[in-house]
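Respectively, the protein sequence lines represent chains A and B.
One point on numbering: in this note's numbering, the residue at position 36 of the first sequence is 36, and numbering is uninterrupted.
One point on numbering: in this note's numbering, the residue at position 131 of the second sequence is 131, and numbering is uninterrupted.
Careful: at least some of the hints might be erroneous.
One copy or two, it doesn't matter: identical chains are merged, so the pair holds either way.
Below are the DSSO-like pairs computed for lysine-lysine, each with C-alpha atoms no more than 30 angstroms apart in a straight line [as the list claims (entries may be wrong)]:
(1) K338 / K312
(2) K288 / K316
(3) K262 / K49
(4) K172 / K262
(5) K326 / K74
(6) K297 / K247
(7) K163 / K28
(8) K84 / K288
(9) K252 / K172
(10) K99 / K312
(11) K53 / K248
(12) K163 / K338
(13) K289 / K84
(14) K288 / K338
(15) K252 / K101
(16) K326 / K289
(17) K289 / K312
(18) K53 / K262
(19) K28 / K53
(20) K252 / K326
(21) K326 / K49
(22) K326 / K288
(23) K247 / K49
(24) K172 / K101
(25) K72 / K288
No lab work stands behind these hints, which were simulated from the structure alone.
Protein chains: 2
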Amino acid sequence: MKIRSVLSAAVLAVATTFAATQALAQEKFTLRLAETWGPNFPIFGDTTKEFAKLVEEMSDGRLRIRIDSANKHKSPFGVFDMVKAGQYDMGHSASYYWKGKVPETLFFTSMPFGMTALEQYAWFYYGDGMDLMQEVYAPHNMISFPGGNTGIQMGGWFRKEIKSLDDLQGLKMRIPGFAGEVFAEVGVSPTNIPPGELYTALERNTIDAVEWVGPALDLRLGFQQIADYYYTGWHEPATELQFLVNKKVWEKLPSDLQTILKTAMRVSAYDMLVLSQHENAEAWANIKKDYPNVQIKNFPSDVFQAMYDANKKLLKEAAGKNDVAKRIVESQESYLEKTRAYTDISERAYLNTMAEVE
Amino acid sequence: MKIRSVLSAAVLAVATTFAATQALAQEKFTLRLAETWGPNFPIFGDTTKEFAKLVEEMSDGRLRIRIDSANKHKSPFGVFDMVKAGQYDMGHSASYYWKGKVPETLFFTSMPFGMTALEQYAWFYYGDGMDLMQEVYAPHNMISFPGGNTGIQMGGWFRKEIKSLDDLQGLKMRIPGFAGEVFAEVGVSPTNIPPGELYTALERNTIDAVEWVGPALDLRLGFQQIADYYYTGWHEPATELQFLVNKKVWEKLPSDLQTILKTAMRVSAYDMLVLSQHENAEAWANIKKDYPNVQIKNFPSDVFQAMYDANKKLLKEAAGKNDVAKRIVESQESYLEKTRAYTDISERAYLNTMAEVE
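This is chain A alone, in the form it adopts within the complex (with noise of 0.2 angstroms):
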């Protein structure tokens, strides 16, 4: 053996090794995440771009999100399953949006009559929200994530002014989900409709009233042209949205980009909270400058009462039907009627004595 060619194969194994090494720790991952909402969604859509931002940057490149937005994978909500069979790494969403598939997904949204945004952090981080969730979401080899919050939504927009419960009676509203049916259990006629055809219907009479999700996005959509009651929320008072991951490409990732990963979705669900109130705020600044008709109401007593009633009744009926379910309402009513007590004499007392002074 010439000296060259010893040479050439101790180099080459002392590079070998080398690379190795760094390749392991410098192992570059790339993954495909479906969202629900159109391209350049305002607010959902900045929550999953500063998502894959986050992670990019941490990463140093290593971990990079690839966003398709709805009008790309052509499947809004088909999301749960592209994440299930794992066309797709992950998914953001909401989790309400399954429960025709999984019934049980439906309670890690929001709930009529439930927890404030930060109360049901709290129930997810400190108390058994996390766990729950998992549970459910564990057949079906996927994690689930908190993916931002909206704040309380609004009512919704009525032409007409709510007076009494008789005033519901026939009244056709946009209003998807369980809201809906705890509306239809107060004689309300609730439809959905294709967001695209909402003012032309709410214009044209073919609905009453409609409900979207605060000032930030109704703004958009022009309700505020065509109805002047706008009505203070209940129905979803702190909807949450959803990162789904893959638990198979969750695993295949090593430690550190596992917390990198987790931290992001964490970070960007909280900012949006955030961003939600500034740009509601911003919003209704200029809905009350611009559309001095807009009125807010709160529903009449009766009418609240009778939702609250028609809401229990549904939430019982819903925890009837299987043990996860019993667990996850149970869960969530001890949790709120503890965390609650305390909104009440700090958050609640607090901005009931501001409201006061002048």
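Starting from the known structure of chain A, arrange chain B on it as the hints suggest.
Using the frame of chain A, we list chain B on its own:
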């Protein structure tokens, strides 16, 4: 030259090149953090521990935080000076502790009759808060970040009920800072007493009332055993702690570690608010169960109004001191007005609705 020597030299050269590349990406940093709190201080100390853990895990050990509690560095209120001088790389404290040194630091913790935690985070991150804060800290070679929120602090424990402004005249109360000045304006004699002596001072009538934090931290000091009246808060509606980073230390970190550090601070700050909600709710439930003597009280309207007016007067004086103080006070006032208008139709309306149904 023998084959053996040639081989060794070549291998060494290759190994050195690889090692150098790896070293650049893998340089390790340890940042020393001084916190104002004693070791294992509940909630506040949990926040710095979580922060350090996240940083280490996300950086895979490339960035470590070594926390020194007050018993180690012996200078709980020297954190500003120590981080400024570079004796420590980071600090965890509260901005208003430095108001004697730099008056404008006062505004970044919480202001009487000011924003709630959610509103204040919106001001920091989507309003002018962060820019104004950096403007105040830049001349001191430090960057300041939100460091965790207690939520609304309670108005304090009183041995006698406050029925009118008359009952406040000459009342001796432990209440520090700007809120103490507001209380002084309406007739209270504010004093500051070390935490370890508070219980005895209240028991022996050296003081008539004491403000501390909220149920979770108050319960441990035992005030509920000797005072019946627990007043709702107004003076620190969103006490935000603070991370301080020495600017030179920040600048020498590679950008991925900067983002890791920033994100870990941001998420552990948010988490502290959520943990505070959880712990306060638990503690309040325990107080209610074990101390039925404790009654929640709001100050009477005339007392709130007098404190509100005194606060406005003092704020005006503070704003008059220099240009940056003026801009901060104006920014907070205008942001509060807009954000609270929205909070009133969302959070406050909802909580009041829920308080009425049964």
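Quiz item: In ascending order, which of the hints set out earlier in this document are inconsistent with the structure?
Solution: Of the numbered hints, 4, 5, 6, 7, 8, 9, 13, 20, 21 and 25 do not hold.
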